[in-house]
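K.L.:
Protein chains in written order, with the numbering used here: chain X, 1 to 180; chain H, 181 to 431.
All the pointers check out, no bait thrown in.
For lysine-lysine, the following DSBU-like pairs were computed, each having C-alpha atoms within a straight-line distance of at most 35 Å:
hint, chain 1, residue 1, chain 2, residue 2
1, H, 422, X, 34
2, H, 405, X, 34
3, H, 267, X, 130
4, H, 332, H, 267
5, X, 47, H, 267
Short, incomplete list of chain H residues facing chain X, as computed with Cβ under 8 Å:
hint, residue
6, 408
7, 410
8, 412
9, 413
10, 414
11, 417
12, 420
13, 424
14, 428
15, 430
16, 431
No lab work stands behind these hints, which were simulated from the structure alone.
The structure presented is a predicted model; accordingly, all values stated were derived computationally and were not measured.
Even for Gly, the Cβ is constructed at its ideal location relative to N, Cα and C.
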Amino acid sequence: MTKEARENSRRIFLLVGRLAFAATFLFAAYAKLKPQAAMPWSVASVKTSLSMFAMQVDSYQLLPPQAVSAAAHWLPFIELGLGLWLLSGLWLRYSSLFTTLLLGGFFALMVRTYASGLEINCGCFGPGEKLGVKSLIRDGSLLGFSLAVTVCAFLSKRKHRDEVISAPASPAISSPQSAN
Amino acid sequence: MNRGNYPSSRWRVLSQIIVVLAAVALTCAVGTPAQTKPRAQSSSTANSDEIATPGKSIGNRAAPITMEVFSDYQCPSCGNFYESTLKYMITDYVAAGKVYFIHRDFPLPMHPYSHQAARWSNAAAKIGKFQEVDAALFDNQAAWSADGNIEKFVAAALKPADFKRVQRLMVGCESNTSAAVKPASLSGKGQADRGCALDIYIEQDQALAKLLPVTQTPTSVITYKGQRYPAMPGFVTWPILKSFLDSLLSQ
Chain X
1 MTKEARENSR
11 RIFLLVGRLA
21 FAATFLFAAY
31 AKLKPQAAMP
41 WSVASVKTSL
51 SMFAMQVDSY
61 QLLPPQAVSA
71 AAHWLPFIEL
81 GLGLWLLSGL
91 WLRYSSLFTT
101 LLLGGFFALM
111 VRTYASGLEI
121 NCGCFGPGEK
131 LGVKSLIRDG
141 SLLGFSLAVT
151 VCAFLSKRKH
161 RDEVISAPAS
171 PAISSPQSAN
Chain H
181 MNRGNYPSSR
191 WRVLSQIIVV
201 LAAVALTCAV
211 GTPAQTKPRA
221 QSSSTANSDE
231 IATPGKSIGN
241 RAAPITMEVF
251 SDYQCPSCGN
261 FYESTLKYMI
271 TDYVAAGKVY
281 FIHRDFPLPM
291 HPYSHQAARW
301 SNAAAKIGKF
311 QEVDAALFDN
321 QAAWSADGNI
331 EKFVAAALKP
341 ADFKRVQRLM
351 VGCESNTSAA
361 VKPASLSGKG
371 QADRGCALDI
381 YIEQDQALAK
391 LLPVTQTPTS
401 VITYKGQRYP
411 AMPGFVTWPI
421 LKSFLDSLLS
431 Q
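Take the sequences, apply the hints, and build the full model.
P.N.:
So, in structure tokens, the structure goes:
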């Protein structure tokens, strides 16, 4: 594989990963914020959906009620922001690192809950999804993929920096030096 | 810096955004009807089933919120849910006419006395004493779970005359049917074999649980003004449940 082909495949991998995670987080936020019963979107319906999500967070039995409420009311908006950030493609190294840390946190929490024998809803993409082997495999795979995207984003940046440093100086800069 | 690349890269970013947003919108559009369909189906089943249930409920039927809890009397998490959450809800919100509470029996196979406890609860419900027996069973869960002597606590919770009536309803239900034989009874044969007239109510709740579907206890199903919200399995603390009920009531 030529250097250019390798660089192209890396770029495609980063693009696909970034868009896939953007779509995943935008959908996760939507699933938590949308009206949970057949009713139109409104401020009240969003408040009810967030309260319902708080019940799912509470069922993990990890945080005190105040912290549960705060986490449940912030998390969907963090996911929405992260989805848009990934979509923009700005500072990809940091957005992918943040994605990996967030997914790592979710995965650790899910493993802990599953190991403790609690039978609850995952709450990952709205209500109705049981926390089980299927959701663990899915989130584990997402974490692995996100880790790969993060590593690739950092390597890509380092490579680009190395190339800039090792590149021959431009004639405009080098000519006075050569004159000396 | 190559300025000539700007327009093309801008179009590329725009096209990416459009593709992702379209994918998200498509997923949302496809996901929504699939979620509402079973809800509508189970709602009608719940209404017809409720008519046959012998008063395993507390509060005003006309309350804006109906909360159904699928529970197992021997499940520790259900006991905890009752003691730390439902008791407060019954005192505050059910008494105030804001919530109508319905108990649904979902005895799990791993608990040897939960089916028998559910029979006692149904017998008490038939004479209008569900609330007393429901509380007694959860309050003393650890005690009767150890030896299976449920009768003692039911007797203590009721007046002697009421207890006699409950005992009469329990004729034919004395033998503790292990939950392991429940699948046979669900097929319709078990009821006649055992001769316990109360099992029909437990089976109705189990059939309803299958439709929702409920697979674990406790599971709460909340309906507000005819709109059923997705089933919520697991323990929830009172402040968080209260906040959800308040958000519904403020709509």
